[in-house]
Amino acid sequence: MVVVDDLHIVYRVYGAGGDRGTAATALLRILGRKTRGSIREVHAIRGMSFVAYRGDAVGVIGRNGSGKSTLLRAVAGLLPPEQGNVYTTGEASLLGVNAALLEDLTGERNVILGCLAMGMTKQEAKDKYQSIVDFSGVGEFIDLPMKTYSSGMGSRLRFAIAASKSHDVLLVDEALATGDAEFRVKSHARIEELRQEAGTVFLVAHNLEEVEMTCNRVIWMERGKIVTQGTDVIGIIDQYIAASGGKPVDRDPQTGERVGERVGAREHAKA
Amino acid sequence: MSNDRRLSAPGQLLIGPDEDTPSGDLPDVPLPELAAQFGLRPSAARPPVMGYLRQLWRRTSFIMAFATARNIAMYTEARLGQLWQVLTPLLNAGVYFLIFGVLLKINRGIPDYLGFLVTGVFVFNFTQRAVISTSTVITNSLPLIRALQFPRASLPLAYVMIEFQQMLLSMAVLAIILVSPLCHEPVTWYWLLAIPALMLQTIFNIGIGLLVARVGSTVNDFSQLLPFLMRTWLYLSGVLFSIAALQIRTHRWAIALLEINPAALYITLMRNSLLLSQRLSAPGSKPYNARLCALWNTKAKIYWYDSAYCHFYANPDHFWEFGIGWAVLALVVGFWFFWRAEAKYGRG
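First to last, the sequence lines map onto chains A and B.
Following our numbering, the numbering of the first sequence begins with 105 at its first residue and continues without gaps.
Following our numbering, the numbering of the second sequence begins with -17 at its first residue and continues without gaps.
Source of the hints: derived by calculation from the structure; they are not laboratory data.
All C-beta atoms, glycine included, are put in the ideal place defined by N, C-alpha and C.
It is possible that part of the hints are untrue.
Rough simulated footprint, nothing fancy, chain B against chain A, three-plus residues with beta-carbon under 8 Å [to be verified]:
1) 234 to 244
2) 293 to 301
Partial selection, computed: residues in chain B whose CB lies under 10 Å from chain A [said to hold, decoys possible]:
3) M46
4) R52
5) M56
6) P168
7) P269
8) N271
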C-alpha cells in the first residue's frame, strides 16, 4: 500500500546556463558575492496526493516530461521530497530502463550482484540464478559482459533480476517496452503474480494498451500535477487520448473492450 | 506482431494542467493519519542507527562481491590484465626509489632505505587511494543509487574493500622485496604484528572514507582539492624521509604531533613490525647518549643506527594505543556523519 500526501519534488541542476562558464566569470561571481547563477531549480512534482491499496496495479500516464519517472523514484524513496510525504509498506523497488548494474561485468556476475544488493543471502542468490537466466532468455550470452548486450537483452535481464524477489511495492518504468512479444507475455504474467503476492504495482508506460491490460487504476499527470485519477481505466485513457489529440479507440459498446485485440497478450491479462 | 496500433501521446495538451486538481477517490481521513492507521512508513526516511547497522550487516556479501567484481573489471580492458594489480605497486615503489634513493640521495640517516621507502609508499598509498576513490563514490554510483534501495554506506565500504584487496597484493609484493637480496630482511615473529597494523589502518580508512564520501557528494569542488591535500599529507607523514631528521626537530612537540598523525602512525607501526633496522634505530630505544645522538644524521653510514641513543619525540610505547584510538574515532565519526545524510544521497 502506498499513500502519497501533497508531494513536491525539486531537482537542482548545476551548470545550467547563466554565465559563460569561464574562470573569469566564476571569479567575478565570487568577488561580487553573488549566488551561483547557474543553479536552476526544476519543480518536477507540484503537489500530488493519492492512495494505492494492496493488490492495486496503478498505471501512470502523461506526456514526456510530465514527471512520471520522478514520481516513481520518489515513491521508491530514491528522491527525497521537498515537501509532503510518501508512505509505503516495507521497501519499494524501482525497475527502470536505466537501472544499470555493472556494464563491464558478465551477465552472470550482474545476476548475483543484483540479488545480493536486494538483500538476498549468497545461497538464495545461487538458488535463484538459473530461474533468472531462464526467465530473461539471455541464454548463452550470460557469460559475456553486459555492455555487449542489446538494449532489449539488457532490460530483460534487469527485469528478470528485479522480479525474482517478491516486493511490497514494485515500480515499473517502461521496462517492458523493450522486450519482444514472448517476453512481454511472460512479464505480464509475472507482474500479475506479484500483484497476487499482496504487492502494489506501479506502471509507467506510453503504450496505453499495456496500461489498459495490466492496471485497475490510472493516474493521468501533466507538468507535475494530477489531471485525473481513478479506477475508470478505460474512461480516463479515452479522455487522455482525446485531450492529446490522438485518434479515439474503437471499442465494443457493451464490454468496452478494444475491437480487434492482440489475442495472446489479452488471454494472459485475464488469466 | 505489429507496432502500428500502439498508442502514444503526441500533440498539444488541450486541458490546462493548472485547473483544480481533482481529488479523485481520496478517502476522507487526512492522509498522514491514514498512513499511520495502516502502519506505513515514510519511504525516504533515514533508518535508526541500529536498524541501519543491521541492514548493512545483511549486505556484507554484497559488499564483498561488489568489491571483487570491481577489482576484476578494473583491468579487463588492459592487455596485461590482472598482472597490473602487482605491477602498479612495484612501479610505484620503483619510481620513488629512482628519484629519492638514487637521484636525490635523500636516504641520509636511514638504514636500509629501500625497505623503509617501499613500506611507507605502500601503506600511505592504501589510505590515499581509499580517500580519493570514496570521494567520488556517490556521484559515480548515482544510477545504482537511483535504481535500488540499499544502505548507501555499502558503497564507500565496498570501495575501501577494493583498496584492501589491492593492499593485500601489495603486501605480498612487499614481503618478496624485503626477503630478496635487495633488502636481506630477516623473517621474524615481529612480522605477525603487520596483521593488526593493517586491520587498524583498514578500519581508519573505512571511517575516513565514509566522511569523505558524504563531503564529496555535496561539495563537487572537493575532488579537485583532494589531490593537493593528499600530497601535503604525504610529505607530512615521513613516507620518503624520516620525520625525526627534519630541520624543525628542535621543536620537539611539532615532531611529536607529526609522528602521531594517523598516516605516519600506521606507517611506523608497519615499519616497526617488518623492518629490523627500524626497530633498532627508533629514537629512545637505547639509553640517552648525547654524543652518539649528535653523530647521527651528520656523518657516515656507520652512525645511522645512533638515532636510537636520542630522546624519543612521541613515546613509541603508546603507538598501538594511538593506532586503535584513530581507528575507532574515524569509524564512529565517519559512520555517524555519513548516516545523518542517508536519505539525501541520490538527489542530482
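Verification of the supplied hints:
1. 234 to 244: violated (count 0)
2. 293 to 301: violated (count 0)
3. M46: M46(B) check passes; min Cβ-Cβ to chain A is 9 Å, inside 10 Å.
4. R52: With a closest approach of 7 Å, the R52(B) hint holds.
5. M56: Nearest chain A Cβ about 8 Å off; hint holds.
6. P168: Interface hint status for P168(B): violated (41 Å vs cutoff 10 Å).
7. P269: This hint is violated: P269(B) lies away from chain A, its Cβ roughly 57 Å from the closest one there, beyond 10 Å.
8. N271: Violated: closest Cβ of chain A sits about 57 Å from N271(B), beyond 10 Å.
Consistency with the previously given hints fails for numbers 1, 2, 6, 7, 8, ordered from lowest to highest.
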